[in-house]
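Modelling step: build the complete structure from the supplied sequences, incorporating the hints.
If you read the sequences in order, they're chains A and B. Counting with our numbering, you get residues 181 to 475 for the letters of the first sequence. Counting with our numbering, you get residues 21 to 331 for the letters of the second sequence.
You may find that some hints are simply not true.
[Unchecked claim] Covered, in the sense of this in silico footprint (three residues per stretch, anywhere, with C-beta under 8 Å from a C-beta of chain B), are these stretches of chain A:
hint: 1; segment: 227-236
hint: 2; segment: 267-277
hint: 3; segment: 283-293
hint: 4; segment: 297-304
hint: 5; segment: 411-422
hint: 6; segment: 458-472
Just so you know, the hints here were simulated from the structure itself, not pulled from any lab data. Being a predicted model, the structure only gives us computed values, none of them experimental. Glycine included, each C-beta is placed from N, C-alpha and C at the ideal position.
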Amino acid sequence: MTEIFGIPIQALMGQLTLGLVSGSFYAMLSLGLAVIFGMLNIINFTHGALYMLGAFLAWMGMDYLQIGYWPALLLSPLVVGVFGIVVERSMLQWLYKLDHLYGLLLTFGLALMLEGLFTNAYGVSGQPYSIPEEFMGAFNLGFMFLPKYRAWIIVASLLVCFATWFVIEKTRLGANLRAATENPKLTQAFGINVPLMVMLTYGFGCALAGFAGVLAAPAIQVSPLMGSNLIIVVFAVVVIGGMGSILGSILTGLGLGVIEGLTKVFYPEASATVVFIIMAIVLMIRPAGLFGKEK
Amino acid sequence: MSRSMFGYLALLVLGLFAPFLFYPVLVMKVLCFALFACAFNLLLGYTGLLSFGHAAFFGTAAYAAGHAIKVWGLPTELGLLTGVLASTLLGWAFGSLAIRRLGIYFAMVTLALAQMMYFLFLQAPFTGGEDGLQGVPRGTLLGFIDLANDLNLYYFVLAIFVAAFWLIYRTIHSPFGQVLKAIRENEARAISLGYDVAKYKLLAFVLSAALAGLAGATKMLVFKFATLTDARWHQSGEVVLMTILGGMGTVLGPVVGSTVIVVLQNELADKVGSLVTVIMGSIFVVCVLLFRRGIVGEIAALYKRMLGLKT
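Printed below as a string of structure tokens:
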């Protein structure tokens, strides 16, 4: 069998794909965090719980209402987004004038509530969600087998990330959004409804987390705790990349996923901690983050 | 001033009689978490730094002290000291990294670093993984006071708490504490006045980590084990909750907050199961939305208002 650095190429490629898959999730979630942070100046701790909620909604839709994967991929983020809007209108909007830390604390409390509710209802063991029929099996690429569903996760997340980048950087709506981020008062004076944009941005960021959750559902077991461990890694990703740039978040997310995958091949013991170690190194060398601007 | 001294004395008397009124182990748990929250408050309430990773210091000290006592066979006092030393060193390392970022990033960095420690403890051979480090003997104090007796241990824990509380009180009311408050209120101005803000922040962080470690090591001694729960991020969140609920930036707030939370958890644990997390989350949300000054802060504000009306 062909080997690179004493590692069978099959295993290397397999881990590389898995790395890209987890990188896709890092990218989608850190992108959502960055979009929300840009507009609302809060770190959305609920993000992990919303990712879990998205996956659970897909599973519940399948289990209780026979709603399939494709409708769930649309409906579940929609519900999560509406949930986010309700949270923003009923709670978050009262905190904008205060220290940013209160937003973090509030969303942390919400994350605990969501996690606790689902743990109470379904226990901590995972619920299986089957891969949609279209994505059963694998592509034979000659040097490796690529499971179709993994390929789909990477493609779908890249599409969503690119679409988000395009809307924010290249459209009129995005221009208004960036203006509102830069100077909300002045933008409002030009007749743009900033509070509405803030609300929709938060809803969109939440929906993005829900979408990631549905994508993840067939790949991993749907469990109430799936979000909380992931979100802390995503925080580290955000610290490494800095939240200043959309493309920066996407690239950092994907890159760290790949690094994590490679660590699993070469030094498996460190695979859970490698992202945090990189964060520590980046903090020493470039405290503002790779794509961040020091304020 | 004399009136607040009177208040502290009354609390001390309550502390001395508490084991006869309540279950001693529960009161010891309250004291350990009160110390943990007071140490945390030094950072959040008086320096304005929100650390979301204090469980790392709590857990590290618990493991280090447990290992020192159980495996190395050190006497109890030296075991606790080993725990504090470990959390102090870790606090210095994490602090130097975390103070490079401000505000929200500071919280995320500390959370991520603490999660790294969690994974290390999960994999390290000496922690016992998911089972934890079990059956640590309490040993004796000064070689002749048997700490296996709950009442003896209680007064030892109370003494630790009072000493640490006094240290925190002195720190807050010292010139050093005034500089910390200045940094909390306006960092840029503190810099312009010539204070080496980074150094002050780091020192506050290390002190807070050391005392959080003392709390963790003491808690390990009370329960005779250290587990992953001590180092998990839920624990970091819980100490934030205790401090906010009691009132951050108040001397007694963390004590009140931790008492409420520990007693509540104790009461609810077998009644509502995993809904405890939901209740903790709801308290968080209510605190942040409705009373950000916390219990002690609100009472103090009310008291001031009443005085203002009278005079």
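Hint by hint, here is what the structure shows:
no.	hint	in the structure
1	227-236	violated (count 0)
2	267-277	holds (count 3)
3	283-293	holds (count 9)
4	297-304	holds (count 3)
5	411-422	holds (count 6)
6	458-472	holds (count 5)
The structure fails hint 1 only (numbered hints given earlier).
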